[in-house]
Amino acid sequence: MSIDKLARSKILKLPTINAPEASEEMIRLNANESPRSLWENNESLDLNRYPSVRPTKLFQHMAKFYNVDPDNVLAIRGSTEGIDIIIRTFCEPTKDNIISSSPTFDMYQFFSEIHSVDPIDVPLKYDDNFQLEIDEVFDAINDRTKVIFITTPNNPTATLVPYDNIMKLVENQKNKSIIVVDEAYIEFSNSPSMINQINNFENLVIMRTLSKAFALAGARCGALIGSQRIIELLKKVVMPFTFSTVISQKIIQILSSNYREKTENHIQQTINERERVISTLNQLENVEKIWPSSANFFLVRFKDTTPIYNAFKENHILVRAFQDEPELKNCARITIGTHDENNILLEAIKHS
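Going by UniProt numbering, 329 is the number at position 329 of the sequence shown; the sequence numbering is gapless.
Hints may be right or wrong, so weigh each one.
To be verified - Quick list of in silico lysine-lysine cross-link-like pairs, DSBU-like style, CA-CA up to 30 Å:
1. K174 / K13
2. K13 / K95
3. K235 / K176
Said to hold, decoys possible - Ranges between beta-carbon positions, derived for each pair:
4. N265 / A22: 34 to 42 Å
5. F110 / D4: 24 to 32 Å
6. P15 / E275: 50 to 58 Å
7. K289 / E347: 20 to 28 Å
8. A140 / H351: 41 to 49 Å
9. E347 / A22: 55 to 63 Å
10. E341 / F138: 39 to 47 Å
I should point out that these hints are in silico values taken from the structure, not numbers from a laboratory.
Where a beta carbon is used, it is the ideal one built from N, C-alpha and C, also for glycine.
Between the sequences and the hints, there should be enough to build the whole structure, so can you do that?
In structure tokens:
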């Protein structure tokens, strides 16, 4: 069965918005732009002109960066846009449902509710280090399940879903549901990516981002990676002119360098700091538990949060606190900072 059977019928009828790239020698009288730039700059930025409808060069550089074909990549403005696009492409409002596993990235539920799609929760197992029980996912699936989100490493628990379990799900739902594997933090783990399976399973989409391991959160750039046909369908929903000229050129410039090699040291530093911080915290009296982490953050439960959060306030430390969710009571998600920032964090907790 073609992946088209899972897409909304109205989406299938939509044309893909495209426009030819305008070469420098062309006289551009087609877009009601200003013919002259009024801003003096030294960066050769034609800000009086619209950016590309589809940033083809950016797609090509992203494809090379992730070692896939350009037809397998859709550049997106962060994972939030990716989630929105996927739900709009495949989920019929008031009829279909999605599955995700709490506690997790809250944008899955956020966009499902915006688009009147029923969110089904298959909670992670608190008593088993927040592991996902794959059989419970199978039990939750019904004939209206269109999209299943798997986050590995998960946010905020920093835990992994085993590769083999994801494969079971992808194979089981081959002609039934879209499996979205959110790999935003995978560079900080020892888990293999699912990217190598995109041409074997048309229903598989991988979400990646430049915001975390590649230190480009301010650029708001990521990628949906999948089969050629699923990318074609997703492109139908993406708005034109999504990336500004400035951001597109800057990302291309960065990815054209040996940027991946530059990030390897940064990733290893982060992992080393993560292990140092966790090891130190595990020796402190007020720390009840720290869950195993495969990300650039960790989840910790304190015995008493009042002195801890007072110390954080005094030291101008921001963390993500969870007080309203029963299984995350007294828990905080803490990002790994620089060596000096981490020392300030440790001292604040020690003396709280």
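Comparing the hints with the structure gives:
no., hint, result
1, K174 / K13, "23 Å, holds"
2, K13 / K95, "19 Å, holds"
3, K235 / K176, "21 Å, holds"
4, N265 / A22: 34 to 42 Å, "40 Å, holds"
5, F110 / D4: 24 to 32 Å, "27 Å, holds"
6, P15 / E275: 50 to 58 Å, "51 Å, holds"
7, K289 / E347: 20 to 28 Å, "21 Å, holds"
8, A140 / H351: 41 to 49 Å, "46 Å, holds"
9, E347 / A22: 55 to 63 Å, "57 Å, holds"
10, E341 / F138: 39 to 47 Å, "43 Å, holds"
Of the hints listed earlier, there is not a single one the structure fails to meet.
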